[in-house]
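Colleague: Join the two chains into one complex using the hints; note that each chain is given alone, in its own frame.
Chains A and B, in that order, are what the protein sequence lines are. Everything in the first sequence is counted per the numbering used here, starting at 637 for the first residue and increasing by one. Everything in the second sequence is counted per the numbering used here, starting at 3 for the first residue and increasing by one.
Treat the hints with caution; some may be incorrect.
No farther apart than 20 Å at their CA atoms in a straight line, the calculated lysine-lysine pairs in the PhoX-like style are these [as the list claims (entries may be wrong)]: (1) 249(B) x 220(B); (2) 249(B) x 821(A); (3) 802(A) x 230(B); (4) 209(B) x 830(A); (5) 830(A) x 100(B).
Bear in mind the hints are in silico, worked out from the structure with no lab data behind them.
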Amino acid sequence: MLLSEQKPFDEILGYLEHEEKVFILGCDGCAQASQTGGLPQVLEMKERLKKEGKTVTGYHVADFLCQKALVASRLRPLEDTIMVSDSLLVLSCGIGIQCAAAMVKKPIHPGCNTINLGGSRGEWKGYERCLECGDCLLEYTGGICPLTVCSKGLRNGACGGASNAKCEVSRDRPCGWETIYTRLKETGRVDMIKRFIPPKEWNKMRPRSEMLSTPIWALEQRDGSREERPG
Amino acid sequence: MAFKEALESGKFVITTEIGPLKGTDISEIVELAKILKGKVDGINVTDQQSAVMRLGSLAVCSILVKKGVDPVFQMTCRDRNRIALQSDLLSASVLGIKNLLVISGDYPTLGDHIDAKDVYDLDTEQLIWTVNRMNQGYDLTGNELQGKTDFLVGAVVKPVSDTSESFELQLTMMEKKISLGARFFQTQAVYDVEAFERFMKQAAQFKIPVLAGVIPLKSAGMARYMNKNVSGVFVPDHMIEDMVNAKDKTATGLEIAARLLRELRELSQGVHIMAIGWEKKVPDILRLADLG
Chain A
637 MLLSEQKPFD
647 EILGYLEHEE
657 KVFILGCDGC
667 AQASQTGGLP
677 QVLEMKERLK
687 KEGKTVTGYH
697 VADFLCQKAL
707 VASRLRPLED
717 TIMVSDSLLV
727 LSCGIGIQCA
737 AAMVKKPIHP
747 GCNTINLGGS
757 RGEWKGYERC
767 LECGDCLLEY
777 TGGICPLTVC
787 SKGLRNGACG
797 GASNAKCEVS
807 RDRPCGWETI
817 YTRLKETGRV
827 DMIKRFIPPK
837 EWNKMRPRSE
847 MLSTPIWALE
857 QRDGSREERP
867 G
Chain B
3 MAFKEALESG
13 KFVITTEIGP
23 LKGTDISEIV
33 ELAKILKGKV
43 DGINVTDQQS
53 AVMRLGSLAV
63 CSILVKKGVD
73 PVFQMTCRDR
83 NRIALQSDLL
93 SASVLGIKNL
103 LVISGDYPTL
113 GDHIDAKDVY
123 DLDTEQLIWT
133 VNRMNQGYDL
143 TGNELQGKTD
153 FLVGAVVKPV
163 SDTSESFELQ
173 LTMMEKKISL
183 GARFFQTQAV
193 YDVEAFERFM
203 KQAAQFKIPV
213 LAGVIPLKSA
223 GMARYMNKNV
233 SGVFVPDHMI
243 EDMVNAKDKT
253 ATGLEIAARL
263 LRELRELSQG
273 VHIMAIGWEK
283 KVPDILRLAD
293 LG
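Chain B with its partners taken away, still in its complex shape (with noise of 0.2 Å):
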């Protein structure tokens, strides 16, 4: 089942991320699409992740649907003006990628070629119209299109905020997005359920698919690092502590995802695993978690 059918269908969703090497062997990407076919719903690809330069989310998406995957393209503001990113947006509808993500994408100094000029000439709001201007046959201009694209187009939601101000942001960009055509939204990672129901309780009024982000977590220092640098993830000290204490990390990390995945599936329309560097055992945590 494609990824918007699934979303239709009212099921519970499972997608997951690949995110693109430095380079151009793509032997991962093929053993990847293998291992995760028929096991998820769809895949993200990410675009410049982190901000750091790689093999390109359009292409990879390509390889993806040549192997029988429905890919999310993810697309940032960060690095192309409106004519690159609306031609990218036409390139990818011939080579049959059907839904997209739209973030505004980490700033450059955050990545490896931190002298990059950061473009931002749309922000995510201004592409999420205007891929749906796309849709109904025009680009950003008005000009008409020789063939109208056809995306799915969803967008982020930062579901926990440390101060009240960036919780209530955050609702009220939702709203924004949806109003100009996000038809579903992926989070940031969840660690907090309680957190995130609260989160729950205020979207439920939009109506609309959310897909709540898991991480996997590999150490307690990976959790303690995400907890300093990484914007809206809280991963609550016992959580931690498990992992501290765990004999096996690896299996303690794959259980409190499965435990999280169980947790979540009552609170959300489906879960994004962002397993970073444990994409194959994403099918692993879905068997733990009675998904798989």
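Okay, chain A solo, but in the shape it has when bound (with noise of 0.2 Å):
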């Protein structure tokens, strides 16, 4: 899950400054449970810009626009209008633009900016956050990520920020220090807290070289290649 908002339509508006016909792309993905590229909004944008006096040449609500593939087979009985447009104005998130703007020869304005959830995957809707750091902490610190749950993502234990057990970056946020403290106590394991956690080797964050050559990367690359293009 990819969480996205509209970027502001003045912003929107003047991406399109120098011209007139443009295609609306949506996705039926994260951008329609965020509201942000479904076809409501899709419909709502080509309203808001022919009121503005662009010409809305077409639209389409695409499954996954992070699909290359699957954009290509949609859009290619679309090619005439798009063809004929100046650009095409996307509303999903930055993978859904980007695939976007692989898969046709087109300026591709992003309607949308996708927002940080801050190590939030899937539809997990609670605290539990997973920065996918390579190096798992949890043993050390009560099953809850120091990473997500800690403002300064501090590795060895509280600063002395906080206030009635709420984090001095936002007092509607619980001190993460303090939940990990409750939580080793509750589980007799308070003494993790003393054992020192080395510097963290950053380097296994980044995405090691064979995520970046998969089968599903390889298809990818090939179907995204520009041969293949619409137009």
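Modeller: This is the structure:
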């Protein structure tokens, strides 16, 4: 799940300042769930652009804009409409926008900002978040991740900024390390905090090279090749 | 007497601090160095205090060294990664800076560059650990240094907390910092001396110098503001009343600070006076407390 929000309308209009004809592309995946690029938002955007004197040549809401092969097959029947447009406005997450840009030889405008979920993955709505750091510390921290629960991501324990168990960064947010401490206490493992966690190997947080050369990755590369782009 | 020797001598140690200004005008720093020289055992120089961008602590510490004052170089983990931190430690060493105070640092959104990227590549404990490696002649990854450092490293502790978890956690963090090489502590400002005494009863087991923080009150409004916004600061109501009723607020603020100094003298190995704009009045406070 990637969470997005629409860019301010004035910013979008600024992108289209020197263009007249625009094609709108939405996404029925996360952007639909975010209510930023599903059919209702695409139709709304179409009306707003028309009011501003723009010609909306057409629109399409793809199932998953993040799947380039799918995007190519869905856009092919619309090729003529797309090619007479000056540009495409894409209402989706950053991946969808990039996929569209890879598949269509036209200027692409991002209609949304993708919002950082702070390590939340899937549809999980709770506090438990993972930054995919490659070197899990949960053994030492009561099963609560210090990288995501502490605003500063401190590994060895609390700073001195908490007030009434709330974080100095936002009083709406619990102090992560008081939460960890309480959990460790409940499970009789408070001494875990005394264990020194050495400097983190952030290098492990970067995607490994093999992650960039999976079969799916290779397939995407081929599907995204210049020759197969519509137009 | 240098700060380290003062700590080791067992005398009542007095430190204060200077917050560099935003800009290149150092006239006030030079003036303060003259006023405070010989009156205190060390002067902390804050590092982008409250996450507000200012002249750097390293440069100001170097100026103090030249003026014959022993500085305590404050280093936060907020703005520099491990490469920059270690390099600044080497720089500090060759500039004659001998004392460090390591802290995590207020989060950028609390300062005047709210869009800054926070770093925290190392946390406080990891930086203390790193300093000790450098004192032994190695950098963080184990490479040998050509010329090692010799820093006395200290840390901070919040002696009064509003939750029992926070209080216990602060003691645990203190113990951890000591185990990694911290050799002295300076504390958040203390107003509730009885609460500080309760903390010191627990902290006594660590047998390490604790310099109790003192911030002179300038007004009742300042006291209320700190109670509301500054973690670990609890100004009692009767002190706020004294400030409300004071005919001469400056005199009353200085007298309260001096009284705190006299009371804390019985409980800690020293005091750290954070004057926040009243640095020139620090000798007056010390005189009022019979320490000048």
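Colleague: Look at each hint and say if it fits the structure.
Modeller: Verification of the hints:
For the suggested pair residue 249(B) and residue 220(B), the alpha carbons sit about 13 Å apart, so the restraint of at most 20 Å is met. In summary, the hint linking residue 249(B) to residue 821(A) is not supported, as the alpha carbons are separated by about 50 Å, beyond the 20 Å threshold. Pair hint residue 802(A) plus residue 230(B) holds up; C-alpha atoms about 13 Å apart against a cutoff of 20 Å. With a C-alpha separation of about 18 Å, the suggested pair residue 209(B) and residue 830(A) falls inside the 20 Å cut-off, and the hint holds.
Restraint check for residue 830(A) and residue 100(B): not satisfied, since their Cα atoms lie roughly 27 Å apart, outside the 20 Å limit.
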